[in-house]
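Number of protein chains: 2
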Amino acid sequence: MLKPTALRYRPEDCSIARSLEVLGERWTILVLREAFSGVRRFDDIQQNTGAPRQVLSQRLAHLVEHGILRRVPYQEPGQRQRHEYRLTEKGLDLYPVLVGLLHWGDKYLADEGGPSVRLTHKDCGAPVRVTMLCADGHEIGSAREVRPVPLS
Amino acid sequence: MLKPTALRYRPEDCSIARSLEVLGERWTILVLREAFSGVRRFDDIQQNTGAPRQVLSQRLAHLVEHGILRRVPYQEPGQRQRHEYRLTEKGLDLYPVLVGLLHWGDKYLADEGGPSVRLTHKDCGAPVRVTMLCADGHEIGSAREVRPVPLS
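Just so you know, the protein sequences line up as chains A and B, in that order. Throughout, the numbering used here is defined as the position within the first sequence, counted from one, plus 6. Throughout, the numbering used here is defined as the position within the second sequence, counted from one, plus 6.
The following block holds chain A by itself, in its conformation from the complex (with noise of 0.2 Å):
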C-alpha cells in the first residue's frame, strides 16, 4: 500500500475535494450520465433519472454555470423555442470518472442479468475500459504500482 508519509500534501488543495464540490451530488452524475447517452433534453432526462423537475433545473443550471453542459437552442415546428444541454470539452473529459463508476457497478453491483450495457470502440467494436497509463506507456495493474509526489 501507498505510504502515510505521501500525504505531505495539503487536503484542502486537493482535486478529487474541489471535483466533488462541482459534482458531488448523485443527480448531478446521472445527469452527465444522460448527456454522454446523448440525452439533451430536459424531458427526457427527467424521465430516464426521475429527477424532480426542480431539482433537474437546479442541476442543470449548476452543470451549465460551471461549464460542464452548454444550453443549445432548439425549436420544434409549431413550439416555442427550447435548449437542450450539451457537454463542454470540460464535461467531456468526465468521462473516464462515469465509466469507472459503470464498470465498477457492473463488477459489483450488477444483478443476475449482468450490466445493462456495453461499451465498445467505434472503430473496431472492441469492448472498452478504464485504465491508468504512465508516460513511458507502461499499464497500472493497480493503486499499488502508483506513488504520489507532492508538489507544494
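Worth flagging that the hints you see were computed from the coordinates, not collected in a lab. The reader is advised that the hints may include incorrect statements.
Chain copies aren't distinguished; within one or between two, either way the pair holds.
[Stated by the list, open to error] With a Cα cut of at most 20 Å, we get these calculated SDA-like pairs of lysine to any residue:
hint : residue 1 : residue 2
1    : K113      : T137
2    : K113      : G73
3    : K96       : G73
4    : K128      : G147
5    : K113      : P156
6    : K113      : R135
7    : K128      : N54
8    : K128      : W33
9    : K96       : V78
10   : K96       : D117
11   : K128      : Q64
12   : K113      : H72
13   : K96       : R77
14   : K96       : E71
15   : K128      : G143
16   : K113      : V61
Got chain A; can you put chain B on it based on the hints?
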C-alpha cells in the same frame, strides 16, 4: 456525439446509479482518498478530511458494510486495541474513479499554484494518467469514439 437511441437500457439497472447509491456522498469519496493515500486510522482520517466524527464513523461503517474497507485491529503500547481501515480488492478497484476525479480537478479547478500532488509509476517514475483502452489495444481519446451497446 452518441445517439439517443443508444440509451435503450433500463435506467434503473444502470451501474452508475448503483455505484452512486454506495459512493454518492462527498465524505465517502474523501475517506477513500485517505485510504488510497495510506491513511488508515480514525483520527488521521478525521484530521485530513475535516469530517465531523459522527459522520466519519457512519461513513467508515458504511464502507465496511459494503466490503470496500475492512477493519484490522492494531494496538499501540499501553493503549487499548483499536482498528484501522484498509481497502479491500473491491475498494482498490475504485482507484481509476478517484484518479479521474483528481486529474479533472487538476485540469479545471486547480488554483494558480497548480496541482498539489502528482501520481507517478513506482517502477519508472513517469507520470500516470487515466485513460480508456479497447480490448484490441486501441487507446480511446474521447467519449465520441465509444458506442454503448444495450445488453438487455
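Hint-by-hint comparison with the structure:
| no. | hint | verdict |
| --- | --- | --- |
| 1 | K113 / T137 | both (15 Å within a copy, 19 Å between copies) |
| 2 | K113 / G73 | between (32 Å within a copy, 13 Å between copies) |
| 3 | K96 / G73 | within (7 Å within a copy, 33 Å between copies) |
| 4 | K128 / G147 | between (25 Å within a copy, 12 Å between copies) |
| 5 | K113 / P156 | between (32 Å within a copy, 16 Å between copies) |
| 6 | K113 / R135 | within (12 Å within a copy, 22 Å between copies) |
| 7 | K128 / N54 | neither (24 Å within a copy, 42 Å between copies) |
| 8 | K128 / W33 | neither (28 Å within a copy, 37 Å between copies) |
| 9 | K96 / V78 | within (16 Å within a copy, 40 Å between copies) |
| 10 | K96 / D117 | between (33 Å within a copy, 16 Å between copies) |
| 11 | K128 / Q64 | neither (34 Å within a copy, 43 Å between copies) |
| 12 | K113 / H72 | between (31 Å within a copy, 14 Å between copies) |
| 13 | K96 / R77 | within (14 Å within a copy, 38 Å between copies) |
| 14 | K96 / E71 | within (12 Å within a copy, 35 Å between copies) |
| 15 | K128 / G143 | between (23 Å within a copy, 13 Å between copies) |
| 16 | K113 / V61 | neither (30 Å within a copy, 28 Å between copies) |
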